[in-house]
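Student: Next come the chains, spelled out residue by residue.
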Amino acid sequence: MRLLTTREAVPLLLVAAIAAVLPLLGSDYYLGVGFILFGWIALAQSWTVVSGLAGYISLGHVVFAGIGGYVLVLTWGAVPVWAGALLGALAAGLFALLVGLPVLRVRGPYFVILTFGLAEFAKYVVINIENALGRFGRLILGGPPLETLYWAMAALALAGTLAVVAIRRLRLGAGLVAIREDELAADTIGVPTVRFKLFAFALSALLPGFVGALFVLRTGYFEPAQAFDPVISFTIVTMAIVGGSADARGPVFGALFLVALSELLWSNFPQVYMIVLGALLVGFVLFAPNGVAGLFERRRAAAAAPAGG
Amino acid sequence: MEILLSGQLLVAALIIGSIYGLVALGLNLIYGTMRLLNIAHGDLVMIGAYTGYWLFTLAAVSPVLAMLAAGALAGLTGAALYFGLFRRQLAGSQPIERIEANSLLIFFGISIVIQNLTALAFTASPRTYQALDTLVRIGEVSIAQSRLVALAVCLGLSAAIVLFLRFSALGLSIRALIQHRTASRIVGIDVDRVQAFSFVLGFALAGLAGTLIGVTEQISPFMGFPFTIVAFVVIILGGLGNLAGGIAAGMVLGLIETYGVALTSANLRSVLIYGVFILVLVLRPEGLLQRRRLT
Amino acid sequence: MLRVERVGKSFGGVRALQDVSFTVPESSIFGIMGANGAGKTTLFAIIAGNLAPSSGSVRLGDLRLTGLPPHRVAAAGVARTFQIVRPFRGLSVQENVETALRFGARDRPAAAMADAAGILDLTGLDGVAGRPAGALTLAQQKRLEVARALATGPRLLMLDEVMAGLTPAEVQDTIAMVRRIRADRGVTVMIIEHVMGALMALSDHVVVLDHGETIAAGPPAQVADDPAVRSAYLGRRH
Numbered sequence: 003m004r005l006l007t008t009r010e011a012v013p014l015l016l017v018a019a020i021a022a023v024l025p026l027l028g029s030d031y032y033l034g035v036g037f038i039l040f041g042w043i044a045l046a047q048s049w050t051v052v053s054g055l056a057g058y059i060s061l062g063h064v065v066f067a068g069i070g071g072y073v074l075v076l077t078w079g080a081v082p083v084w085a086g087a088l089l090g091a092l093a094a095g096l097f098a099l100l101v102g103l104p105v106l107r108v109r110g111p112y113f114v115i116l117t118f119g120l121a122e123f124a125k126y127v128v129i130n131i132e133n134a135l136g137r138f139g140r141l142i143l144g145g146p147p148l149e150t151l152y153w154a155m156a157a158l159a160l161a162g163t164l165a166v167v168a169i170r171r172l173r174l175g176a177g178l179v180a181i182r183e184d185e186l187a188a189d190t191i192g193v194p195t196v197r198f199k200l201f202a203f204a205l206s207a208l209l210p211g212f213v214g215a216l217f218v219l220r221t222g223y224f225e226p227a228q229a230f231d232p233v234i235s236f237t238i239v240t241m242a243i244v245g246g247s248a249d250a251r252g253p254v255f256g257a258l259f260l261v262a263l264s265e266l267l268w269s270n271f272p273q274v275y276m277i278v279l280g281a282l283l284v285g286f287v288l289f290a291p292n293g294v295a296g297l298f299e300r301r302r303a304a305a306a307a308p309a310g311g
Numbered sequence: 347m348e349i350l351l352s353g354q355l356l357v358a359a360l361i362i363g364s365i366y367g368l369v370a371l372g373l374n375l376i377y378g379t380m381r382l383l384n385i386a387h388g389d390l391v392m393i394g395a396y397t398g399y400w401l402f403t404l405a406a407v408s409p410v411l412a413m414l415a416a417g418a419l420a421g422l423t424g425a426a427l428y429f430g431l432f433r434r435q436l437a438g439s440q441p442i443e444r445i446e447a448n449s450l451l452i453f454f455g456i457s458i459v460i461q462n463l464t465a466l467a468f469t470a471s472p473r474t475y476q477a478l479d480t481l482v483r484i485g486e487v488s489i490a491q492s493r494l495v496a497l498a499v500c501l502g503l504s505a506a507i508v509l510f511l512r513f514s515a516l517g518l519s520i521r522a523l524i525q526h527r528t529a530s531r532i533v534g535i536d537v538d539r540v541q542a543f544s545f546v547l548g549f550a551l552a553g554l555a556g557t558l559i560g561v562t563e564q565i566s567p568f569m570g571f572p573f574t575i576v577a578f579v580v581i582i583l584g585g586l587g588n589l590a591g592g593i594a595a596g597m598v599l600g601l602i603e604t605y606g607v608a609l610t611s612a613n614l615r616s617v618l619i620y621g622v623f624i625l626v627l628v629l630r631p632e633g634l635l636q637r638r639r640l641t
Numbered sequence: 017m018l019r020v021e022r023v024g025k026s027f028g029g030v031r032a033l034q035d036v037s038f039t040v041p042e043s044s045i046f047g048i049m050g051a052n053g054a055g056k057t058t059l060f061a062i063i064a065g066n067l068a069p070s071s072g073s074v075r076l077g078d079l080r081l082t083g084l085p086p087h088r089v090a091a092a093g094v095a096r097t098f099q100i101v102r103p104f105r106g107l108s109v110q111e112n113v114e115t116a117l118r119f120g121a122r123d124r125p126a127a128a129m130a131d132a133a134g135i136l137d138l139t140g141l142d143g144v145a146g147r148p149a150g151a152l153t154l155a156q157q158k159r160l161e162v163a164r165a166l167a168t169g170p171r172l173l174m175l176d177e178v179m180a181g182l183t184p185a186e187v188q189d190t191i192a193m194v195r196r197i198r199a200d201r202g203v204t205v206m207i208i209e210h211v212m213g214a215l216m217a218l219s220d221h222v223v224v225l226d227h228g229e230t231i232a233a234g235p236p237a238q239v240a241d242d243p244a245v246r247s248a249y250l251g252r253r254h
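Chains as they are written, first to last, in the numbering used here: chain V, 3 to 311; chain X, 347 to 641; chain A, 17 to 254.
Chain V on its own, in the form it takes in the complex:
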């Protein structure tokens, strides 16, 4: 087996190259864009683990980022910044483990709407806790500088991409794909479906927890409705579907494309940006369910196959 196949090398190199080049442009604007881009890549790669490989589509992935951010502000001042972010990631993973067992029993489309409901539920619980505490938004002063956050987020994006590449090679990845294709058949050939699903779910929550903490550090404040905004879940799904969720390339392609689009539209026409996103999701689900990466694949297969093959 080659060290890395093309489809594994492309996303890894792309992330590394972007991370190396952006600081050379010497402006905080590019660092800021890069920070967001890497955040989305890490989120979309994590989503891919449970939703792309195992086929359990989550419409509520924001919940893990929200938890990460919330734990960071709760521990702010009590523990060092990075320990707080790490605790945020662990809390998100732990939450996934706890809710995973009952939630992952729910199949197919019902799982999908359940994840959305779960994220909204968590949002309103946190809103009520904050209200009860009399806190309406929490400010965080003296977080790490942008450049540090940039490199931290780049590392998360790379880690997420590497994780997807690695998992696809492992027995875990083969089992998750089998679960996606036919869960009963997977169980019958010996895939420990319950354990694998739970593990994948927890794994796909860790990085988002970390990303959520970094988002809070960057904006300097925490507000539950924003930290748990369902639009974040929606954007993750759209990125992964537009890019293609079958392997590690898709999330990178999708995030690049959507972040570019967002830079173009978001500041002046935020609603137009969301409308385009919605239309993209509908269009890709209907006409190109394997995303941009899938379109490449088809083109290559057509070029490689002899006529009629």
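Think of the hints as simulated: they come from the structure by calculation, not from any bench.
Glycine residues also receive a C-beta, built at the ideal position from the N, C-alpha and C atoms.
Please note that the accuracy of each hint is not assured.
Unchecked claim - Here are some chain A residues pointing at chain V (derived, C-beta under 7 Å):
1) 82
2) 86
3) 87
4) 119
Since the structure of chain V is provided, determine the placement of chains X and A on it from the hints.
Tutor: Chains X and A only, in chain V's frame:
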């Protein structure tokens, strides 16, 4: 404590319950006949609410009339989506599970588009308006006229639709489609026509209910999703295709919500609704349709 | 090697299986006969752990299978095919087999876990290894069911109507394939089949189920002569 025992709260619960029942009826029709999981359902409620708001604000049209316009507008939206997007999907050879899962993502996209088009047109700021707000006293209970209208319309319309499904030829076809999708085609039901009708009717009902909701609640482009969730809870509790059961389930949810909020605080309303939703799905993991496990 | 002891199963009051007992000898080909709805597939699902029996138990050697989840049953060396095929449609034939090789029975030599080529050859799928499983013909998908089950490295292989819907020539091929599986790999085979002739030709032992109950058991020739079988099954069908 006294308020818990008063008729006031009970009537409030019945009104909310009857609205929930009507909203869910539309979703039940669409899911039942086509297995399309319309998570944009609540956005049609929102469209209906805005229709009522603008017709009243600009032309002083009473919500009682506006709701017909809202139903028509939502119905037209439904027709456009059915013939533009879903008809071909449903006619294809894809397995039903695939259509279910895809429909969810497609409607998710549609929902975002509808919400943001509305925000683009009318801004995202919440709106309210005062119509039909004279208080009516019945015994010791006093109710705003708008709520009384909502109760009457929702109960009347729900009953009419249940009767329509039970006794009209088209209604029987719809029920046949809900119960035996594949068999319906064989016995000569014009599946396409029945699907189109159910789709449009389902949308129209949500729009119509939306006007009634908009009279008493804050209107915003993003108000819809809780109603989608409510509708799902009602269908799961009441049973797929069981429209009468759905109306009863709507009442139960209305009671849970009203008394839950009265016992705690209005802030917990969303927590309560989403909590019930999660509980219901976790307890019935097979979802709306209790499929027989075949191995 | 496999002992089914007084297994019963009811679905909401309807009895699908009642008091079914038999023993499958090591390295035999063991046939299960019965009309539609006799409970054959339910029995397989119970042995494989896909369904829990309402009563009774199933043992593989000293190991009690009853109550184990399907993947643990597979780890113990029991594999089944599905009558209504369930391939991993999006994966290639090769990937289907490779996936099963990575899971399945625990105690296998490393060499056995890299034997995709041998399995594809044995099941006659070597020519279509790269094709997506969803694009195969039904006959090929039925063989893929066998290939994937075999790739789990089973001691006991349960075949559920792998010949249904095949042409007579394909049935002959499949019979030869089942014999080769036993000869080459020393696997015990349990087989459900509607194609009577094939079942009689293949099996060393046969059990006949009727409405969930065992009505006859023994060597094929003896069972075929049993009056109860004739009236309950053969008489009705042929």
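Student: Would you mind marking each hint as holding or not holding in the structure?
Tutor: Results of checking the hints against the structure:
| no. | hint | verdict |
| --- | --- | --- |
| 1 | 82 | 16 Å, violated |
| 2 | 86 | 4 Å, holds |
| 3 | 87 | 5 Å, holds |
| 4 | 119 | 4 Å, holds |
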